[in-house]
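Order-wise, the sequence lines are chains A and B. Sequential numbering from 1 applies to the first sequence in our numbering. Sequential numbering from 1 applies to the second sequence in our numbering.
Hints are supplied without guarantee of correctness; some may be wrong.
Listed next, the in silico DSS-like pairs over lysine-lysine satisfying Cα-Cα at most 27 Å (straight line) [to be verified]:
1. A:K119 x B:K144
2. A:K119 x B:K12
3. A:K201 x B:K7
4. A:K12 x B:K96
5. A:K7 x B:K96
6. A:K144 x B:K144
7. A:K12 x B:K268
8. B:K12 x B:K144
9. B:K7 x A:K268
10. A:K96 x B:K119
11. B:K119 x A:K268
12. B:K96 x A:K96
13. A:K119 x B:K268
14. B:K96 x A:K25
15. A:K7 x B:K201
16. A:K12 x B:K7
17. A:K7 x B:K144
18. B:K96 x A:K144
19. B:K7 x A:K144
20. B:K268 x A:K25
21. B:K7 x A:K7
22. A:K7 x B:K268
These are calculated hints, taken from the structure and not from any lab test. Remember, it's a predicted structure, so these values are computed and weren't measured experimentally.
Number of protein chains: 2
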Amino acid sequence: MINTFYKEMTGKESVIRQFFDYSRKRAAELGPDSVLNFSIGNPSVPAPDSATEAMQTLLREEDPVTLHGYSPTLGQPSTKAAIAESLNKRFGMNYKAEHIFPTSGAAGALSHALRAVTKAGDTVITFAPYFPEYIPYVTGTGAKLAVVPADTTSFQINFEKLEELFTENVAAVLINSPNNPSGIVYTTETITRLAELMQRKQEEYGHEIFLITDEPYREIVFEGTDSPFVSSFYDNSICCYSFSKSLSLPGERIGYLAVNPRAVDADKLVPMCGQISRFTGHNCPSSLMQRAIEPVLYETSDLSIYEVNAKLLYEALVKIGYSVVRPGGTFYMFPQSPIPDANEFCWTAAKELGLIIVPGDSFECPGHFRISYCVPTEQIQRAIPLFEELFNRYR
Amino acid sequence: MINTFYKEMTGKESVIRQFFDYSRKRAAELGPDSVLNFSIGNPSVPAPDSATEAMQTLLREEDPVTLHGYSPTLGQPSTKAAIAESLNKRFGMNYKAEHIFPTSGAAGALSHALRAVTKAGDTVITFAPYFPEYIPYVTGTGAKLAVVPADTTSFQINFEKLEELFTENVAAVLINSPNNPSGIVYTTETITRLAELMQRKQEEYGHEIFLITDEPYREIVFEGTDSPFVSSFYDNSICCYSFSKSLSLPGERIGYLAVNPRAVDADKLVPMCGQISRFTGHNCPSSLMQRAIEPVLYETSDLSIYEVNAKLLYEALVKIGYSVVRPGGTFYMFPQSPIPDANEFCWTAAKELGLIIVPGDSFECPGHFRISYCVPTEQIQRAIPLFEELFNRYR
Numbered sequence: 001m002i003n004t005f006y007k008e009m010t011g012k013e014s015v016i017r018q019f020f021d022y023s024r025k026r027a028a029e030l031g032p033d034s035v036l037n038f039s040i041g042n043p044s045v046p047a048p049d050s051a052t053e054a055m056q057t058l059l060r061e062e063d064p065v066t067l068h069g070y071s072p073t074l075g076q077p078s079t080k081a082a083i084a085e086s087l088n089k090r091f092g093m094n095y096k097a098e099h100i101f102p103t104s105g106a107a108g109a110l111s112h113a114l115r116a117v118t119k120a121g122d123t124v125i126t127f128a129p130y131f132p133e134y135i136p137y138v139t140g141t142g143a144k145l146a147v148v149p150a151d152t153t154s155f156q157i158n159f160e161k162l163e164e165l166f167t168e169n170v171a172a173v174l175i176n177s178p179n180n181p182s183g184i185v186y187t188t189e190t191i192t193r194l195a196e197l198m199q200r201k202q203e204e205y206g207h208e209i210f211l212i213t214d215e216p217y218r219e220i221v222f223e224g225t226d227s228p229f230v231s232s233f234y235d236n237s238i239c240c241y242s243f244s245k246s247l248s249l250p251g252e253r254i255g256y257l258a259v260n261p262r263a264v265d266a267d268k269l270v271p272m273c274g275q276i277s278r279f280t281g282h283n284c285p286s287s288l289m290q291r292a293i294e295p296v297l298y299e300t301s302d303l304s305i306y307e308v309n310a311k312l313l314y315e316a317l318v319k320i321g322y323s324v325v326r327p328g329g330t331f332y333m334f335p336q337s338p339i340p341d342a343n344e345f346c347w348t349a350a351k352e353l354g355l356i357i358v359p360g361d362s363f364e365c366p367g368h369f370r371i372s373y374c375v376p377t378e379q380i381q382r383a384i385p386l387f388e389e390l391f392n393r394y395r
Numbered sequence: 001m002i003n004t005f006y007k008e009m010t011g012k013e014s015v016i017r018q019f020f021d022y023s024r025k026r027a028a029e030l031g032p033d034s035v036l037n038f039s040i041g042n043p044s045v046p047a048p049d050s051a052t053e054a055m056q057t058l059l060r061e062e063d064p065v066t067l068h069g070y071s072p073t074l075g076q077p078s079t080k081a082a083i084a085e086s087l088n089k090r091f092g093m094n095y096k097a098e099h100i101f102p103t104s105g106a107a108g109a110l111s112h113a114l115r116a117v118t119k120a121g122d123t124v125i126t127f128a129p130y131f132p133e134y135i136p137y138v139t140g141t142g143a144k145l146a147v148v149p150a151d152t153t154s155f156q157i158n159f160e161k162l163e164e165l166f167t168e169n170v171a172a173v174l175i176n177s178p179n180n181p182s183g184i185v186y187t188t189e190t191i192t193r194l195a196e197l198m199q200r201k202q203e204e205y206g207h208e209i210f211l212i213t214d215e216p217y218r219e220i221v222f223e224g225t226d227s228p229f230v231s232s233f234y235d236n237s238i239c240c241y242s243f244s245k246s247l248s249l250p251g252e253r254i255g256y257l258a259v260n261p262r263a264v265d266a267d268k269l270v271p272m273c274g275q276i277s278r279f280t281g282h283n284c285p286s287s288l289m290q291r292a293i294e295p296v297l298y299e300t301s302d303l304s305i306y307e308v309n310a311k312l313l314y315e316a317l318v319k320i321g322y323s324v325v326r327p328g329g330t331f332y333m334f335p336q337s338p339i340p341d342a343n344e345f346c347w348t349a350a351k352e353l354g355l356i357i358v359p360g361d362s363f364e365c366p367g368h369f370r371i372s373y374c375v376p377t378e379q380i381q382r383a384i385p386l387f388e389e390l391f392n393r394y395r
């Protein structure tokens, strides 16, 4: 019999999707120049040539039966070892191959990590503003999501509110730094304080509380930004990574989770992920993609355009009069809406100026809007006068 | 807190895995020639050159931002349309692109299909012998698996037992034809009778009952075998397919599900799968792989070796005295063990002769053993005297 839970979801379009659809409709009606789309988080720079070459070399030189054969359930051993080594070299960790589980991007990593360290009825804490897909990732395990309200002055952690939300049902804390949608990177001070608080809560409640770190934007951090490797601050941690943004391969669904070697049951968590896959029908990411990322683990796409765009846009918005916390990384910025209703603000921007931005309500942070600036710099330049016109309407 | 359900599973190795591990240990100790491994279902023939060329052409000619960009949630439109067209041409169906959902192989297809048409507490019926991963696929949805015992004389359906197992809680029936492990293909007569019985049960219970067809071996059918396209016999059906065996791409995790256009809510089921993915963190298969299979939908690897091996092995086993139902396809055969305890029989084969075969107990069909003959023909020739020696021990 048709499952009514999923069936009822199909009618409901997300707000982000509504803006996206409007932008397509407008472009079709008024021409592509009538739209400046800042709603999408899709990398705008190509994968590095070295990544393409790695795929081509494998296709040319490797025996196809081996290359396209089943990956071992827990991932390609050589890929796992290479990822562990790269993390150890860069961040002074002690990962072994057995702590690495290749996944279908960060989505796969988060879903596995959450299932591994929660059970039905547990609570997972996250922080506004947050990626709305955290809701199905967390509720899909049977756990509940509790959200710490944003500190909108800095988008670092609101520790008083975090402390208030803690109960003994909390099995995990989920953070995303560098952050979508704020663009903010948690500082060493923030991470130290979070680790201390969680350590204290572990002792108070007498059970482990896992820190799950969602890090797809780890490689997109701007000059001068303090960007600590979170797992080195807290033992019971699982790092969830994706190559979607760093290598511009979002459609290839390749990422991993890395279990902190000092975590409780560190040797069990990856085999547990192998079991979890059996229940979700997920299995490993593409064998070709696992092998292809091995030689390019120390490389990225040319991410410099995101920093150029961030600087240009941030300075222009501040000059116009917008209140905006300077992003430390990603390709997102999260200014305050000049009127309390960011939804109304964004629809006005879309319908009157063709400026497609999305309201913060989708990220449980009303009164703000997200600009995705993974676009050609020329698009930023064209948009600045429109952001000014928009601001002046509400002056 | 660590999830104890998954943690407790990690210690337990499957029987198939134990045989696999033994074969590796034996090969390491006594040399590779000491082992003839018939335990693995991994294609032994390479992907067709046209598939490799399709990947290479895309990597060389397509804009990498587009090629590796996010796939739409419900799959690449051109891929979906091409799959629908190929099924319509070959099987006289009326699929549209919107009925096709690209998945991570048949595992992804089955997991989505099962979640779409069951809810917690429902029953899903399948038929022994069956692929043991059906247990996590079904229980992962919250449903229960009920198993119809095998008709070991033909490995077609035991309809009396099926009728006995039916209750109004049955939401779906899951079949696998051509079958792993028996190698048998359900005949037109079997499928017609199954469709009639399910239609009658739908009317009796007043709700739809879905037929989910697991078809990764669809293209491996031997000459003269009656091999009907199941979905054309029953409206409420979802066909789950994988390119793992037909194109020898198991590691690339590419397959699809096809919702029968005449099914209840046929237009809703693929959008529901898009919602289901959000909860399991699965998302789409690789963008490159979706695009790469488009031009090779009418092709396969050179599958002829499986038929050569089947004939050679079947005739030799029958001559020796084994009781075995002739396979109509796949690369499996499922003879009766000369002694009731197939487990003991298979361990004797492994330890005394280095012949690695797996007991039917794993497929809920004791007293039989599975031979995977996706191996070089020369390996079959070397194995025949060993199968004879083994048979004579128990004479």
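Each hint, compared with the structure:
1. A:K119 x B:K144: 20 Å, holds
2. A:K119 x B:K12: Given that 27 Å is the threshold and the Cα spacing comes to 21 Å, the pair holds.
3. A:K201 x B:K7: Status holds; Cα separation ~23 Å.
4. A:K12 x B:K96: 23 Å, holds
5. A:K7 x B:K96: With a Cα-Cα distance of about 20 Å, the restraint between K7 (chain A) and K96 (chain B) holds, given a limit of 27 Å.
6. A:K144 x B:K144: Roughly 25 Å between the alpha carbons, so the hint for K144 (chain A) and K144 (chain B) holds.
7. A:K12 x B:K268: Between K12 (chain A) and K268 (chain B) the Cα gap is close to 12 Å, so the pair holds against 27 Å.
8. B:K12 x B:K144: 21 Å, holds
9. B:K7 x A:K268: 7 Å, holds
10. A:K96 x B:K119: The given pair, whose Cα atoms are some 40 Å apart, is violated under the 27 Å limit.
11. B:K119 x A:K268: 30 Å, violated
12. B:K96 x A:K96: Roughly 47 Å between the alpha carbons, so the hint for K96 (chain B) and K96 (chain A) is violated.
13. A:K119 x B:K268: It is violated: about 30 Å lies between the C-alpha atoms, which goes past 27 Å.
14. B:K96 x A:K25: Given that 27 Å is the threshold and the Cα spacing comes to 23 Å, the pair holds.
15. A:K7 x B:K201: 23 Å, holds
16. A:K12 x B:K7: 36 Å, violated
17. A:K7 x B:K144: 21 Å, holds
18. B:K96 x A:K144: Not OK: K96 (chain B) and K144 (chain A) at ~38 Å, beyond 27 Å, violated.
19. B:K7 x A:K144: 21 Å, holds
20. B:K268 x A:K25: Given pair K268 (chain B), K25 (chain A) holds - Cα atoms ~23 Å apart, limit 27 Å.
21. B:K7 x A:K7: 32 Å, violated
22. A:K7 x B:K268: Judged against 27 Å, a Cα distance of about 7 Å means the pair holds.
In summary, the numbered hints that this structure violates are 10, 11, 12, 13, 16, 18, 21.
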